[in-house]
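Each chain, letter by letter, is given below.
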Amino acid sequence: MKATVLRALFMWLVLFIILQPIFTYIDYLLDLQVKANTSYITQKAATEGMVTSMMKTEVINNLRALGFSESSIQISSTTETVQVRKSRLDVYIKAPRIHMFPYDFSSQTPSSYYYGHGTIMSEYLD
Amino acid sequence: MDYIVKLAFVLLIFIYTWFFQVQNQEWDIERALLKDANNMAVHDAVQEMNEIERSKGRLIIDPVKAHQTFQNTLELNLGLENDLSPKTGSRLHDSVKIVSFVVLDESSGITFPYLYEDQQYGITKYIQGPCVIAVIESKHPVLISRAKSQEPIRVPAIQEYKFNK
Numbered sequence: 004m005k006a007t008v009l010r011a012l013f014m015w016l017v018l019f020i021i022l023q024p025i026f027t028y029i030d031y032l033l034d035l036q037v038k039a040n041t042s043y044i045t046q047k048a049a050t051e052g053m054v055t056s057m058m059k060t061e062v063i064n065n066l067r068a069l070g071f072s073e074s075s076i077q078i079s080s081t082t083e084t085v086q087v088r089k090s091r092l093d094v095y096i097k098a099p100r101i102h103m104f105p106y107d108f109s110s111q112t113p114s115s116y117y118y119g120h121g122t123i124m125s126e127y128l129d
Numbered sequence: 002m003d004y005i006v007k008l009a010f011v012l013l014i015f016i017y018t019w020f021f022q023v024q025n026q027e028w029d030i031e032r033a034l035l036k037d038a039n040n041m042a043v044h045d046a047v048q049e050m051n052e053i054e055r056s057k058g059r060l061i062i063d064p065v066k067a068h069q070t071f072q073n074t075l076e077l078n079l080g081l082e083n084d085l086s087p088k089t090g091s092r093l094h095d096s097v098k099i100v101s102f103v104v105l106d107e108s109s110g111i112t113f114p115y116l117y118e119d120q121q122y123g124i125t126k127y128i129q130g131p132c133v134i135a136v137i138e139s140k141h142p143v144l145i146s147r148a149k150s151q152e153p154i155r156v157p158a159i160q161e162y163k164f165n166k
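One line per chain: the protein sequences are A and B, in this order. Residue numbering for the first sequence is 4 to 129, as defined by my numbering. Residue numbering for the second sequence is 2 to 166, as defined by my numbering.
Just chain A, with the same shape it has in the complex (with noise of 0.2 angstroms):
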């Protein structure tokens, strides 16, 4: 009886032991790959003066490709219209976030979504 209790308690470690670390990893390049694409279409926004509807698109794209769904991924900026040179531009990218935890230990709930933030002077010349 003790044999089996203690075996049925070593399973769940070992499930564990596996699945967890997994899991942390796709979350970080989950992170990391929405970060990267908030970089990219902020420094492509200010040779253009703002975020296109290509740029949008194209980002859609990159994160549906990792299993985002495209109405769940929010694209916005501060501006609509093209901003002159030395003027600044700010993109923000959501996306929903991957859940982790079988369980919560703690009384602190993990924020549910990835964000990326990206701030740069426009380059833009008529």
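Please note that the accuracy of each hint is not assured.
[Said to hold, decoys possible] Residues of chain B clear of chain A, computed beta-carbon distances all greater than 12 angstroms:
hint, residue
1, L60
2, S108
3, I111
4, Y117
5, I124
[Unchecked claim] Cross-link-like lysine-lysine pairs, in silico, DSS-like; alpha carbons within 27 angstroms at most:
hint, chain 1, residue 1, chain 2, residue 2
6, B, K57, B, K163
7, B, K88, A, K97
8, B, K36, B, K140
9, B, K66, B, K36
10, B, K66, B, K163
11, B, K126, B, K166
12, A, K89, B, K66
13, A, K47, B, K166
14, A, K89, B, K163
15, B, K126, B, K36
16, B, K36, A, K59
17, B, K88, A, K89
18, A, K89, B, K36
19, B, K126, A, K47
20, A, K47, B, K66
21, A, K97, A, K59
22, B, K36, B, K88
23, B, K88, B, K140
24, A, K89, B, K98
25, A, K47, A, K89
26, B, K88, B, K98
27, B, K149, B, K98
28, B, K36, B, K163
29, A, K89, B, K7
30, B, K66, B, K126
31, B, K66, B, K98
32, B, K36, A, K47
33, B, K7, A, K5
34, B, K166, A, K89
35, A, K97, B, K36
36, A, K47, B, K163
[Said to hold, decoys possible] Interface residues of chain A toward chain B, partial, derived using beta-carbon atoms under 8 angstroms:
hint, residue
37, D34
38, Q46
39, K47
40, G121
By construction, these hints were calculated from the structure, which means they are not laboratory data. All C-beta atoms in this analysis are idealised placements derived from N, C-alpha and C, irrespective of residue type, glycine included.
Based on the hints, put chain B in the right spot on chain A.
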């Protein structure tokens, strides 16, 4: 009893490796954030041209304004206070240091293309026009304390103008 000891040992190893993995991942994300922020900061800094000199046909970067803009962009991208320490909610855990900030332009007494070499930070590049070169660093994230302290995360960035051929 023997079984319990083995179980505890496995759990200990698991927790150690998991923390080590998370620490390395945190290093990678912080490095990516620092590199992107530095890229955008030097991008903004080179736009601070001396307009009087520009009207005379010379591309001269105003070093004081360039440094101000550089620091401002870093603060906004990384969520930092004026002293470059992280604000509450910033992804960074330690303050950022600007360890090198170099402006090279036509007032520097050099001709372009110019071979820029910095042995201290391991930078070697042919510069095609006026530019800003900056190196920033922040402390290595620590989840597992060790006797030997890790090297800081240090990232360089260069933004240059290229003359049309």
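Exercise. Against which earlier hints does the structure fall short, listed by number upward?
Worked result: Structure breaks hints 29, 39.
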